Structures are given as structure tokens and as C-alpha cells.
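J.: For reference, the chains in residue letters:
There are 2 protein chains.
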Amino acid sequence: MNANMQDMKDVVYSSRVRLARNVRGLPFPHRLHGEEEIYKMMQKVKEACDKVVATDFYQMRGFDPIEAQVLVEKHLVSPQLTQECPYGVAFVSKDETISVMLNEEDHIRQQCIVEGMGLDRAYESLSQIDREIAKTLPIAYSPEWGYLTACPTNLGAAMRASAMVFLPALTMTGVINSFIRKYQENGITTRGVYGEGSQAEGYLYQISNQAAIGMSEREILDRMNLVVSKLVEAERIARQNIAKHEGIKLKDKIMRAYGTMLYAYKMSSQELMELSALVKLGVCLQYLDCDLSKLNRLIVESQPATLCKLTGKNLNVAERDVARASIVRKKLN
Amino acid sequence: MNANMQDMKDVVYSSRVRLARNVRGLPFPHRLHGEEEIYKMMQKVKEACDKVVATDFYQMRGFDPIEAQVLVEKHLVSPQLTQECPYGVAFVSKDETISVMLNEEDHIRQQCIVEGMGLDRAYESLSQIDREIAKTLPIAYSPEWGYLTACPTNLGAAMRASAMVFLPALTMTGVINSFIRKYQENGITTRGVYGEGSQAEGYLYQISNQAAIGMSEREILDRMNLVVSKLVEAERIARQNIAKHEGIKLKDKIMRAYGTMLYAYKMSSQELMELSALVKLGVCLQYLDCDLSKLNRLIVESQPATLCKLTGKNLNVAERDVARASIVRKKLN
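Line by line, the protein sequences give chains H and D.
Per the working numbering, the first sequence starts with residue 893, numbered consecutively.
Per the working numbering, the second sequence starts with residue 893, numbered consecutively.
Wrong hints could be hidden among the right ones.
No distinction is drawn between identical chains; accordingly, a pair holds when it is met within one copy or between any pair of copies.
Said to hold, decoys possible - Simulated pairs of lysine to aspartate or glutamate, DMTMM-like, Cα-Cα distance not exceeding 25 Å:
{"no.": "1", "residue 1": "Lys901", "residue 2": "Glu1166"}
{"no.": "2", "residue 1": "Lys1141", "residue 2": "Glu1166"}
{"no.": "3", "residue 1": "Lys986", "residue 2": "Glu959"}
{"no.": "4", "residue 1": "Lys1222", "residue 2": "Asp1181"}
{"no.": "5", "residue 1": "Lys936", "residue 2": "Asp902"}
{"no.": "6", "residue 1": "Lys1145", "residue 2": "Glu1166"}
Keep in mind the hints are simulated off the structure, nothing from the lab.
Just so you know, these numbers come straight off a predicted model, no measurement behind them.
Model the full structure from these sequences, guided by the hints.
T.: Printed below as a string of C-alpha cells:
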């Protein structure tokens, strides 16, 4: 990883690596009903985590639904874990970069999310925990198939590497579609993060490796690093082009979005997504000065459950819109 | 005039008094073609003005059209004077409160505009000039009809007193229409300042006395003072009511308008009118702090000809929208 890789926050929102592991001799979670065995596995994973990083522990059974939803909104656990997994458990590192889910689709799912472009960094962090877990628990591994997983699409490295990328210019110009098609043919999935299909809300896309069979972790990371850095390059060029082409019209649109964020008294999450995407583009085009990470965090901080937790109230939609606008004003002013 | 009268800037944008005078023995302007007599009258009026206030002198013949339009946009001369009066002349006081037009519909039309509620003040200022003019020129006056004017509707006191009032709450609630009907029956005209009929753009209305026959100047002023102060009272109550009723919805709309004014990079005059009206309402409801006079001046300062004069360029519509937004940002930040 070179210095240039680290410096892609103008395009790469975050990088995520996920590893799926299962315990040899134990039925997969959807067929697992032995409380004692589950408790034993939980203890072993806890011991392994403790050796690497300080974590908080969350048990899904009887868990407060607001608190559970907050973890989902922060992308620390899957919605599935909170809704469909009675034996679901999560360990979350204090800095909220690493989380380990137990008894979701697989026995153990480890995940690391870091800001900006950092797949290698994320993978290295996870590897430490993964090694500790392998020391305390027998992991299901076949020399022929690699890591065994509940769903065959995850077999092999059982690793998914993904980057959340911000592609306003490639979206506005429509160029993104040819990238999506090309990647699809090469086992890379691109999807809009909040919208459906390629209709990306806030111009955010998640790029991830589709299958891991027959590829090593290193090969997956290298391929993803290459794909993302090409996207970054294309997006940067496209931005300069639309800035030149659209001129004052685009600047007006962006600056109005910024003014609205600074002064509005109610705002839906959909509108916040749209406005902050424009403002982020404005930062990248140097129309205005604002911290990109702060803008990205605003999206998470103003999700429904996170808002309720923050205000300590069970807010309805209209009340959330007011609370959301208030947070946006405070954080940006 | 009491202290309360002076303190109506939250509703009364400006007050204007206009006096029409004609020189005895001289044909009315539309029938006047003697250059020497016109020059003589001009000299006499200049002498009279000089005794009271320092003025700038503008002759319409051969006058730069941009400069002429600037005077119109500032409401210092009528469009008619600049377009249809070959012998048209204007004296404008340095502080731009007083203007005297020669050879418009009447030989001499004197006008004084002051900020806020100040019809009495405006009338007193004009009276000084009017007395000086009457000393140097024989004014056409009939004991039976009063001052003689080219159009019979102006006969009598030949005075029009008007107030430009800002009535957002009475407009939003529709209550303004009953006021307009009632005033109509009592010889008071109410019309939208920039829009057609009662469709007031920017919630601005001009209230003026319709006929002056049979009424003294004092009676006209008293009636207008009464009408305006009642409107002010009604508008203030209506504002408190809509603020209570509309709550956060109105505040959101107002604050977004303010944010847009502070950050937009292009803006039509129509949009500026709408946004600044909302912002002015916001100032009156104490949602934000901004100088009302400054907001009112923005409307004039960003009119087409005034913009061209300011930038020293013959701007097209799109360029004016950019220049207008730039002025708005600079003045408000």
C-alpha cells in the first residue's frame, strides 16, 4: 500500500473486510440449538478478542430494539443478526472499527471497517483476531474447498472485501454504468448503497468481490485495490470535467445545498443524503471548506435509532426531521 | 406623529408624498413646445431647490438609458419621464430622498420618499421646496378647484400620499382582501407593488389616497396615518398568530431562504424578492438577526440597470443573476 492509496478520502468513504469462520464439528447456526455449546464458543471468541482489542459485548436475545438498531445503523452488525438470530451475539471494539458476530449465517463473522481506502489495513487488523480465534477453536477448513461456510458462495477464502465509494461525477455523466458492467464480468459487484440496484442515493456505491473460491486473500485484496484505484482516478477526472462544463450552475446548486444544511429546521434523511452528497462534491471541487469525515458521519448520526438514542426520546418521523436538522446545523456551524 | 409611528419599519417599508404643480399661463407639458420657456422654468425650479437642498440635475434628452433606468429603479423618477417626455428634467437630492421632475404629466412634480412610516416628515420636507418654488414661479391655483393639474383626478390638494407596506401575514391568511375592499370604498387604493392587482410580489403593497378633491393636505395625511397604523396593528397580530400556528414549518422555510441568500451563486430578481420577503418576516419574528433596511435596499441594488452600472458592464439576464447573487452574499455576510 503506497501513500497515494491512503489519500483517497475524496472518493473512498470506507473500506471493509469480512471473514466468515465456522467451528469444526458444530452444526451451522441455522441447525444449532445447544445452549451450552454456544456459550462455550462465545467464551472462546471473547478470550481471543480480549487478547487483541477491548470490546463491548451485546447479546441479541432481550436486547433493546433501539440499541440493536443503532448497531445496525453504524454497520457494526447485520440487520439479520438483530432480527433472525436468537443466539446472536456481537463483540464490538471500543473504537467501533472491529466487530465479531456469532451465530449469524456462520458461527463467526469478523468485520473491520476503516475510513478511506484501507482494505489492507482492515485485513491486517482482522488477521490478528482471526489467528487468536484459530488458536482457541477448531476452525472448519478443507484443503480442497478452503474455509467451509453455511452458504457455498462464501467458500474458499471466505473473505469479502468491499469499499464504499462516492462517485458523483461518474454518476452524473452516466459513465458509472460501463464500469459496473465491466466489473460484473470480473467477479466484482457494484451496488448503490442506500438505493436499489445502480440507483445510488447520495452517489454512494459499494464495490465488493463476488466470489472467493480459488483466490487467496492477497489476490482478492490486490484485485480490489486495483479496481478501486482505477475508479478513483476516473472519478477525479470526471469531477474536473463536470466542474469545467457545468461551471456556475453546479457551484450554485452545491452552495445552495450547503446553505440549506446550515440553516434548515427540518430535514428528512433522504434530503440530508442528497444535500450532503452535493456538499461533499463541493469540498472535493474546493468550492467550500468542510471536513469530509464529518459530513459522512452526519449520515450515520442522524439515522432514526441513533437520533432516538441521542435525544433519549422515542421520536416520530416529524420529530426526527427536526432533531436531524438541529444536529446538522450544530455539527456544521 | 408619535414615537410609535416612527417605529413601524417592521411593516412600513417607505413613505412617499408627491405634489403636482403647474405654472400659470403655460400650456400643460403634453402641449408645450417652447424651449425658452421650459429653460426659464427649469432655472427657477433649480434656484428654489438650491435654497433648500443640494441636488443633482438630469436632462432626459440624450440621457444614457442605463443611467435613466437606474433612476427609475430607485423610484426617483417615473418610467414615463425617461421614455415619453422629450423635455423631461429631474433634480434629485444628494441623499436621494427628494426628487423634482419637470415636464412629466405636470410641469412640476415633487416627491419625497423616506424609510419607514414618515408621511408627515416627507410632507414637511417637500413643503419647504414647494414654498420656494411658489416664490419664484406663478403656480396655477383656483380657489374653487385648488391646484390645477393636467389630469382632473389630481385636482385639489394635488397631493398623493402613499406607504409601501410589507404584509406577509395578512397575505398568507387572506385577510388582506377584506382590508383592500374596505379601503377602496373609502378612497384608498391598495395594490401589489411589483405584481398585478392584489397579487403582491414579496408581500409588498402600496397604499395611497385615490382622490384629493375637497380634502386638505392635513386631512389626507391624517387619513393615511390612521389607515396605515391600523394595517400595522393587524399585520403584527397576524404574524404572531401564524408563527404560533405554523411553528417549525414556517421557521424552516424562512431559515432555508436565509441560507439560500447567503450561499447561492445565481439568483433571479423574482427569487430574490421571494427569499428576502421570507427573511424579512423571519427578522420580524426574531428567528434571525438582519438589518431590515439592508434587505430592502438589496431589492433596488440588484435591479437590472443598477447591476449594470455597479459592475460597469452591459450584463445579460444570466450574468445579472450571477452578479445579483454575488451582491446578496456580500451584503449579507
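J.: Is the C-alpha distance from Lys986 to Glu959 at most 25 Å within one copy, between copies, in both cases, or in neither?
T.: within (16 Å within a copy, 68 Å between copies)
J.: Given identical chains, is Lys936 near Asp902, meaning Cα to Cα at most 25 Å, within a copy, between copies, both, or neither?
T.: neither (40 Å within a copy, 72 Å between copies)
J.: Tell me, please, which holds for Lys1145 and Glu1166 at an alpha-carbon limit of 25 Å: within, between, both or neither?
T.: both (11 Å within a copy, 18 Å between copies)
J.: How do Lys901 and Glu1166 come out at 25 Å by Cα distance, when the copy is not named: within, between, both, or neither?
T.: Answer is within; shortest intra-copy Cα gap is 19 Å, inter-copy 39 Å.
J.: Quick one: Lys1222 to Asp1181, C-alpha cut-off 25 Å, is that within a copy, between copies, both, or neither?
T.: Classified as both: same-chain Cα gap 16 Å, cross-chain 18 Å, threshold 25 Å.
J.: Check Lys1141 against Glu1166 for me: Cα-Cα at most 25 Å, and say if that holds within a copy, between copies, both or neither.
T.: both (17 Å within a copy, 20 Å between copies)
This entry does not satisfy hint 5, going by the numbered hints stated previously; all others are met.
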